[in-house]
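Protein chains: 2
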Amino acid sequence: MSNKIYFTVGPTELYPVIKKFYNSAINRKIFSISHRSKEFSDIFQATVKNLKKLLSIPEDFYIFFFSSATECMERIIQNLVIDKSFHYINGFFAQRFYDISTKLNKSPEKIYSSYGEGTNFKNLILPERTELICIVLNETSTGVALNFDDIKKLKIKYPEILLSLDIVTAVPYYKIDYEYVDSAFFSVQKGFGMPPGLGVLILNEKCIKKAEILNKKGISIGSYNNFLNWKENFLKNQTTVTPNIPAIYILGKICEYLLENGYKKISEETDKKSELIYNYFNNHKFIKPFVQNKYYRSKTTIVLETKINSEKIVNILSNQGFVLSRGYSIYKEKHIRIGNFPMHTVEDTKNLIEKFKLIKLK
Amino acid sequence: MSNKIYFTVGPTELYPVIKKFYNSAINRKIFSISHRSKEFSDIFQATVKNLKKLLSIPEDFYIFFFSSATECMERIIQNLVIDKSFHYINGFFAQRFYDISTKLNKSPEKIYSSYGEGTNFKNLILPERTELICIVLNETSTGVALNFDDIKKLKIKYPEILLSLDIVTAVPYYKIDYEYVDSAFFSVQKGFGMPPGLGVLILNEKCIKKAEILNKKGISIGSYNNFLNWKENFLKNQTTVTPNIPAIYILGKICEYLLENGYKKISEETDKKSELIYNYFNNHKFIKPFVQNKYYRSKTTIVLETKINSEKIVNILSNQGFVLSRGYSIYKEKHIRIGNFPMHTVEDTKNLIEKFKLIKLK
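These protein sequences, in sequence, are chains A and B. Going by this note's numbering, the first sequence opens with residue 2, and the numbers climb by one from there. Going by this note's numbering, the second sequence opens with residue 2, and the numbers climb by one from there.
It cannot be assumed that every hint is accurate.
The list treats identical chains as one, so a pair stands whether inside a single copy or across any two.
Unchecked claim - Pairs of lysine-lysine residues, derived as BS3-like cross-links and limited to a Cα-Cα distance of at most 30 angstroms, are as follows:
| no. | residue 1 | residue 2 |
| --- | --- | --- |
| 1 | 85 | 218 |
| 2 | 210 | 333 |
| 3 | 39 | 333 |
| 4 | 289 | 361 |
If you are wondering where the hints come from, they were derived from the structure by calculation, not from laboratory data. Here the structure is a predicted model, which means the values were calculated and not measured.
Using the sequences and the hints, build the whole thing.
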């Protein structure tokens with residue numbers, strides 16, 4: 002039995018109800034059913050319905066299930082890009098999206114912001130022949146959250162160019178207006194408090210049409226998981242292959258659970274907890290928020306810069322029952338990252354801050 | 002609470018210990034750990050070690066984790082085939098492997114056997130420039146199991162050509178000599194009695210070398226899940242992206258559990274149960290084994306041809322607590338398929354046969 006609380010950026014703490022969902026599913030033998038059965042189609046339909054309701058996804062959008070957010074990136078590039086994707090890069094996950102386009106022999110272009118900074122896209126002029134704009138809404142590696150209204154204005158400026166939004170650590174807290182997004186994706190081990198193993202892609206008919214164009218041109222859009230095969234299965238409330246049934250089932254149950262509690266609670270508590278954390282570290286001696294501009298500070302993944310090696314601090318807190326993430330890649334030793342998701346309570350957040358106060362360095 | 006027993010070909014009945022494994026993992030917060038942590042590497046290493054021991058996989062083989070057996074097929078074609086794969090097709094899963102090669106813009110070739118039949122490969126002459134031979138050891142769609150010794154002789158005849166073996170419903174019962182196989186793959190919702198969501202690829206260094214050749218030629222071998230990226234992560238006991246941690250953890254525990262009980266028990270019981278089933282249906286009035294030649298009859302997925310619509314029979318048995326699979330694709334109404342995996346007991350198999358005896362048709 003572990004008494005630790007995972008304040009990590011994902012995988013993170015599970016919702017306590019998850020255990021009940023697993024046991025109930027096993028007792029009802031839900032993990033033994035055929036993915037081509039009526040029983041599974043009912044589960045698929047319930048999950049899609051609850052997810053659309055929770056995230057305000059329009060009725061005519063498709064939901065495809067993949068194995069990770071990274072698979073979503075690969076399938077997006079494969080199906081939506083003949084040649085040129087365009088990437089705004091201000092962290093390692095945006096960079097990964099760009100790298101995938103390169104590895105699939107496309108010709109991506111990019112602009113950078115310094116890591117820890119954001120942009121409002123006001124001065125952005127897209128290169129000629131850009132087919133897809135790729136943006137990460139909330140960069141888990143740096144703690145920068147872009148403002149959705151700025152992204153919306155970019156889409157209004159370029160209505161004909163498809164826009165793909167990485168919303169991995171953003172949802173369910175950050176609201177997205179899907180009128181201005183053609184595809185968006187997340188994985189469930191962040192704000193949905195589930196074990197990892199499922200990537201969820203939300204997309205509109207324009208994406209299907211683009212995949213059809215590639216397919217007709219003889220460009221490979223992948224095999225079993227291409228968008229055309231997925232659409233056909235989605236319309237039957239089915240998946241392309243035997244999927245991660247536990248994850249699809251539990252995602253539906255978690256959405257139902259979050260809907261019962263209401264978005265207002267998620268929103269208010271996330272605001273409150275992030276305020277507690279930022280307020281404390283704004284005045285800390287050797288740990289400061291990494292993102293300088295408050296406009297871009299993420300409320301769900303809080304990245305702190307520490308003058309003491311992060312390993313030391315993370316170990317002290319872990320021994321006291323609070324698990325945090327260290328920095329990403331080159332920031333491993335310099336950063337501490339705190340996940341602020343709906344399953345993290347205000348009480349535990351206060352306790353975490355109290356533990357920080359007690360850290361004594363020799 | 003369901004009292005039904007799933008004698009389906011997969012997803013199928015779970016091992017009863019699975020529930021304990023989930024609860025223990027949740028209590029220990031294993032599904033919250035980082036996939037880059039020492040804790041996860043230990044789990045990864047234990048699963049690989051137990052799996053290699055159970056399936057007698059040589060020490061120098063790699064184990065890569067994907068999301069399904071179908072993903073394994075796609076990654077194999079992507080990484081091992083410049084132009085020409087060769088497929089022996091005697092069922093729908095072998096056909097799927099071929100179709101994937103086509104969809105990835107390769108130029109696969111094929112030979113067919115009538116569905117329900119097998120081959121010993123004695124007269125097979127491979128086309129010029131074949132790079133990869135693709136064979137399904139146990140065709141879940143038709144109930145045909147090839148003989149591994151026949152595959153071995155084919156490999157001895159063509160030692161330079163890579164051989165990829167679909168062992169999805171074959172393991173852990175059917176033994177494979179990995180000296181004669183370059184890559185093999187399975188999914189866990191069959192003989193491993195787990196919920197679906199994990200594909201396991203077993204491969205040797207020759208496959209890595211081939212992926213290197215493709216990569217150097219500028220042929221896309223996929224992005225995050227290509228074999229070169231996977232090898233690099235495997236050597237650190239890590240995965241390429243945040244994986245299905247529950248599945249990797251539970252696979253290791255199931256292998257440990259099967260090792261404790263010993264392969265002899267799996268082997269003897271599978272033989273006994275398949276004998277009980279085939280013996281009974283050899284003399285049945287309107288249900289007969291689909292595979293005529295006993296040499297090719299699968300012991301793990303038993304396919305029966307019925308003169309009465311399969312729906313009727315499957316429904317009668319389901320109402321009595323025994324869930325069976327109907328036929329695959331065009332055989333949906335004409336076939337019944339019975340899974341015979343290690344978690345199915347001799348006692349339950351006898352009970353299932355007794356229920357068949359009671360079926361009265363008006």
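*Given identical chains, is residue 39 near residue 333, meaning Cα to Cα at most 30 angstroms, within a copy, between copies, both, or neither?*
between (47 angstroms within a copy, 15 angstroms between copies)
*Is it within, between, both or neither when you check residue 85 against residue 218 at 30 angstroms Cα-Cα?*
both (16 angstroms within a copy, 21 angstroms between copies)
*Measure nothing new, just compare the shortest in-copy and cross-copy C-alpha distances for residue 289 and residue 361 to 30 angstroms and report within, between, both or neither.*
Cα proximity of residue 289 and residue 361: one copy only (17 angstroms, versus 77 angstroms across).
*Could you place residue 210 and residue 333 in one of the four classes (within, between, both, neither) given a Cα distance threshold of 30 angstroms?*
This pair counts as neither: shortest intra-copy Cα distance 42 angstroms, inter-copy 33 angstroms.
In summary, the structure is inconsistent with hint 2 from the numbered list given earlier, while agreeing with all the others.
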